[in-house]
Amino acid sequence: MEILYILIPLAVILAAVAIAAFVLSVRSGQYDDLDGAAHRILMDDDDPMIPNRRPAKPDGKTSKKD
Amino acid sequence: MPTADTQACYHCGLPVPDEVDLTVDIEGEPRPMCCMGCQAVATAIVENGLEQYYHHRTEKARAPEDLVPEALRDLQVYDNETLQRSFVHVRDDDVREAALMLEGIVCAACVWLSERHVGALDGVLAFHVNYSTHRAQVTWDNSRIRLSDILKAITEIGYHAHPFDPSRQEALQKKERNRALRRIGIAGVGTMQVMMMAVALYLGEYQGMDEGIRNLLRWASMIVTIPVIGYAGQAFFQSAWRDLRQRRLGMDVPVSLAIGLAFLASAWATWSGTGHVYFDSVTMFIFFLLIGRTLEMTARHKAGQVAEELVKLMPATAHRLTADGVESVAVAELAVGDRLVVKPGEVIPADGVIVEGRSSINEALLTGESLPRLKQVGEQVIGGTINSESPLTIEVDRIGQDTVLAGISRLLERAHAEKPRVAELANRVAGWFVAGLLLVAAAVFAYWYLHRPEDALWITLSVLVITCPCALSLATPVALTAATGSLTARGVLTTRGHALETLARATDMIFDKTGTLTHGRLRVTGVTRLADLDEAWLRRLAAGLEGFSEHPVAEALKAGVEAPLVLEVVEAETGRGVTGRFDGEFYRLGSLDHLRAWHPGLEPVEAEGSTIYLGSRERPLAAFHLADEPRREAASVVRALAAQGVTVHLLSGDNREAVAAIAGRLGIEQWAAEQLPQDKLDYLRRLQSQGRVVAMVGDGVNDAPVLAGAQVSIAMGKGAQLAQASADMVLLGDDLTVLPFSVEMARRTLKIIRQNIGWAIGYNLTALPLAAAGYIQPWMAAIGMSGSSLFVVLNALRLKEKR
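Line by line, the protein sequences are chains U and E. Under our numbering, think of the first position of the first sequence as 1, with each following residue one higher. Under our numbering, think of the first position of the second sequence as 1, with each following residue one higher.
Isolated chain E, as found in the complex (with noise of 0.2 Å):
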């Protein structure tokens, strides 16, 4: 029996109302249930013994939705064989397979629970969910289980999975990083061998050494190494040739050329039995090269995946209105001038017009704004945004890549496609150094083979090895690693390698206001007494009032009451208001409008943010005061980051008081108000022509072209998906404090990118010199590269926090 305190939901977590006195028996025990949705997801993973998910789980699941027989109806959409094809790969003739995207993944426990459940399902093959990307692979026998039945019992246990095309563009970036760890496979243990080879055969140099012994063990070198530059050094001399085709000089010129000398000048030396070998140096820098370069690729893949996560907020079925009725189509099916059925709480499938019907419309995921936005016949609803309240008809007028949607994934894929200028520019430069170079090396070459022929070749090679890039090239990214590693652990995620840099250059600092300097939800920041009623009380009247609703206002009122009243709700009408009867009188909430209905001269309460009314028949009772409260971070965030000398700057949507409000509370003095997403850019385009480096603050798809405008970018984790996929940085936590932490740590890690560039810069100019006068031989050369290049490691590992 559910006891007077309030209990948390056993599954989600949710407070459980205390009308509802639903429990399963886990693990022996009656546990409490907040719905019917909870009962039937705990009661199936309870039959199916699967209860050591509560166990293991380290997040609460997800409220499941109400598991209606409509929903489960759409699912057999899914096994009509027309609309299989596009995300069905037939292996045999019964054989399928499909990728599934899989919504409430959230912690390790739900990717058990579901292998779980589904892979013990009769004729599902094979069940496979990546806990990284929140994927699904299923293989199934097509004439034992139909593929609406698995989804179906993926979503008994209250996940949601849609069947997905996975893009030609992600299957190539499985191949690139397929290949480039099969490169860096082949690389590792190649160089432990010739490395393993080449102590004995430096300890030979001194001590002594059989002549067949020392061929075998070079014999043995050349051997490993022939995979490793045949294969994985491949990738070097691929991008040195198509730098030179296009007559360019870059990084991978050098490395190629020092990579294919030293293997040819050992080779021969192998051969000839004479002179030295490097089999050594060559697997080393194929190998250390490689690890950088995989690095670099799994974040640019990482930024990619933008297009993908716009497709997943679009609906895979739409109901279609006919003459005979509704029926389920896919989405890609849908011509423009079709009537569809959007039923509350379902996600708009198209861009259109409403016909019929009023709703409040949710667009949080377009606009950031966290109110749903009350619409009615003849006014615009855009694909992608959810229907919150009550049944639409809509008239499709755009469809495909013509919808909002698809306009911001293009608008963020151009912003994409800009960036790389700066990364140009940074490899001419790199160019004329590489130029410098080989100039020096040529010439080397060229005086010692005037002067004695028989050193120049390792005169030369001593030379380009010691003046190899290697420590250079690893001075950067060394040290980005750690910085990330550093921030990775207070929760900030770095999503692409020049974040950093830029950040510990930014001047400006804008933030967005809904849900990056507030919370993003309302809460009652006020109660103002029009009758001399008990406050308490009557927040629980409030609160009871907007007992079933789910809207924003309804949710805020009802926070923080721990007994609502229990009323009979008269009448709801969307935007405006609600009635209810409590012990015999009627009650009225809402906004000023409808309260003037029985309380013609109800004068408005002067406040801050919005204000709704409660009045009984006879009398005004009192006006609650919502605001979206600043985080309480907020404050300290923003003198902190004005004491590191960056300007912080406020841009939102939403209406001129209420940022006012919160920029005055905040001590931001440069804030605009609504603003649309044009105007934000614009806005930071302006700063960006002032010469200022602008780092952007924010969430919601609506800010992503923002996001992808602005030097560097943030996200907050709580925010839509996709602002995080395109942003360079992602806030993992809900605290802002972290980001003062992360310039610091940004401008650290500057500072030490340009100590080791220094120290490789000047480790070269010395050496250069002595190889190049004959003084230092190979082996001295890799010694002494080595240890370069273990100083900027060295140096790069102080960003690490010491715990």
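Okay, chain U solo, but in the shape it has when bound (with noise of 0.2 Å):
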């Protein structure tokens, strides 16, 4: 059991590591929009990756958008 001694105490610097990574998610302004981000996931650009789904469009611009 004496490996506990490790183990806890490692337990609580990886909390305050988690508690770390938040605080700076909050500062950074990731809270700030709870609903968007939802629907961001839905908008993905792959469509010009699909092949059926290539936009048949003559000019050559679909290929690559970033």
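Honestly, the hints are just simulated from the structure, not real lab data. Zero decoy hints are in this set.
To spell it out: a stretch of chain U is covered by chain E in this simulated footprint if at least three of its residues, at any positions, have a beta carbon under 8 Å from a beta carbon of chain E; those stretches are:
#1 4-16
#2 21-27
#3 30-42
For clarity, every value in this text was computed on a predicted model and none was experimentally measured. For each residue, glycine too, the CB sits at the ideal point set by N, CA and C.
Could you fit the two chains together into a complex? Lean on the hints.
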């Protein structure tokens, strides 16, 4: 059971890291818009990569969008 | 090529007029467009490789206003450095930031489209749209792009952007929200860690545990608990301290006491290696209570956005007449006495008097009535209303805080300020409850200290934990949250915590007429033929005559007519009617007076609502009856509410006949017509003074003070945004049948809340004597408390709708 003497302090440190990460994410405004992200994920831009759904545009603008 | 059937515009979904033949190639196919505006926008979208917008959108776009060069020139005002100072944040010499209000965002695809389009501009460093608030944050390099170019790019794809200055209050709210989030995050992570170690400690009590490991777990728990109590729990200590300084006992006092004592006792136990630790209870309390507080706060902030929304009604720029012509200036720079030109379709930027011109003014936002009112020289116009027909010159007589709009905003704020009195009362009652708890705990401590001093602390803690008003304070919010969720699924948004509770007790429901019980737009209810002609042909003729007008009467006449006759409009007189030529013959459509100019002997046709006449030069042809139709479900909703014991009232600013007709058809006995906002408020106050609990359903800014004055207010989602923001509940859909459902749900919620409170008090009363007698160990108290809370939560979950 001696391993606990390492594991438990480690858990505490990991918790501190998790909290720090969370605080950073709040500060960078990731929680300002809670609805938008849920919708934005649906707007994936992979259509040009799916062969059958490649928009039929003659001027070749479609190959890559970024 | 457009076919004979009416096609819908691919961009905005409006029908494509027959004579219009515009298309844009989208995804390899020509798509019909209804106007130049839509064509320009769709072309811009396609040219920028953003066609996928059409895949992803869930709503059709709004028809853009035509891109008049003048409108674009107006945008250049925003490049003015002095004007920019009010809303632009200069980060670096050239790097600037501004908040923009975006109009026309209807679905998530709009966010995608605008972010893509604007983000790709050279010089734009960041452009991010917040979907919930419809606001954008733009950062740009002023040496490479000007703000007006960014705004122009947004206009190109059919949206309207106004810079605005987020008020100090909003910045404060954001800070408060972020702090609450940080607190929840810290408490959440801490609780998980401490709980994990607590399980080990509990098991250790039974199975025996190595002393060293036990101490390690305790010390680790304490280290994790310190930030939780020190930062996250601060909220409770601060508010308890504030209460105490004002010589009051709030709910936070026993919470703080229990958290504080439990922590100190646990810390001491950890230090001395004796007794019990309760770090898990401490962190769990803080975590759960914080979540409840944050939900409450969010609702409060939503309600506070009213003033912000009002500012939005006012445009940012105005056209000022000077000696050398017209110049565009910021509205903030206007002074009393300035002469302004207001073009058709523009929002009037300040209160003033018309000095030149004659036009109909759409005051829907202020009066809730959909019909524009004709105003001429010498009449007062109100800032925020829309000039719908012809250009006007006005002389400004009130600006800024003196305007009618600002006045309504103040009214609203006052009404909001009056509300929390009920909450104050609840607080005082809770104070007595808390005082009782503290006295009992003190007495218990004193008794045991005299008899068995070594057990006194643990027993007192048990008492504090077991009487911790946790279940009691969860009883209401959990039930409200569950009910709010069910209601939201049915399209009813609850923006205030008290709304459901009050709605359940409502004895009276007041409806506004236009836009609430009715559709808020005119319809042709009947045609009286005055000459022997085909009715369908008469309607096509009338629709053709009104072909280019956007007036509600014109919209009503055009609605449902498949192929309006194409004719030449000779003359259009504001507020009277139009004259046109078809097949060599002159026709006139308009008011009775207008037609009497040709046919002096024309007798009015009696009918409910308003009547529009059509005639040729030789003879009168027909009379069209227009009325604002009640919604299909209105009558059944009124009956359902009556069955629930709610008295339905109808108050409207409309004329007597119209209101009487609607009331009669819907079976509403209590009604009043020609009501100004003040009259409506008085009516409401009279009901309230008789001890009745009034719910108000309405839309429009004019209803806003009345909505705010009612115990519970419900706004129609389609109504003015302002009314929604100030309302306690918002109907998102266009369906009134959710009203009886909401009342039913509110009543069930109140029942559940009563059960929960009954349970919590009953549990506390049973457990208290046991704990006081020393039969209950603190860990049993914590489990009992959690169990009791769980019961309350599960009971509340019954309010979730089964699918």
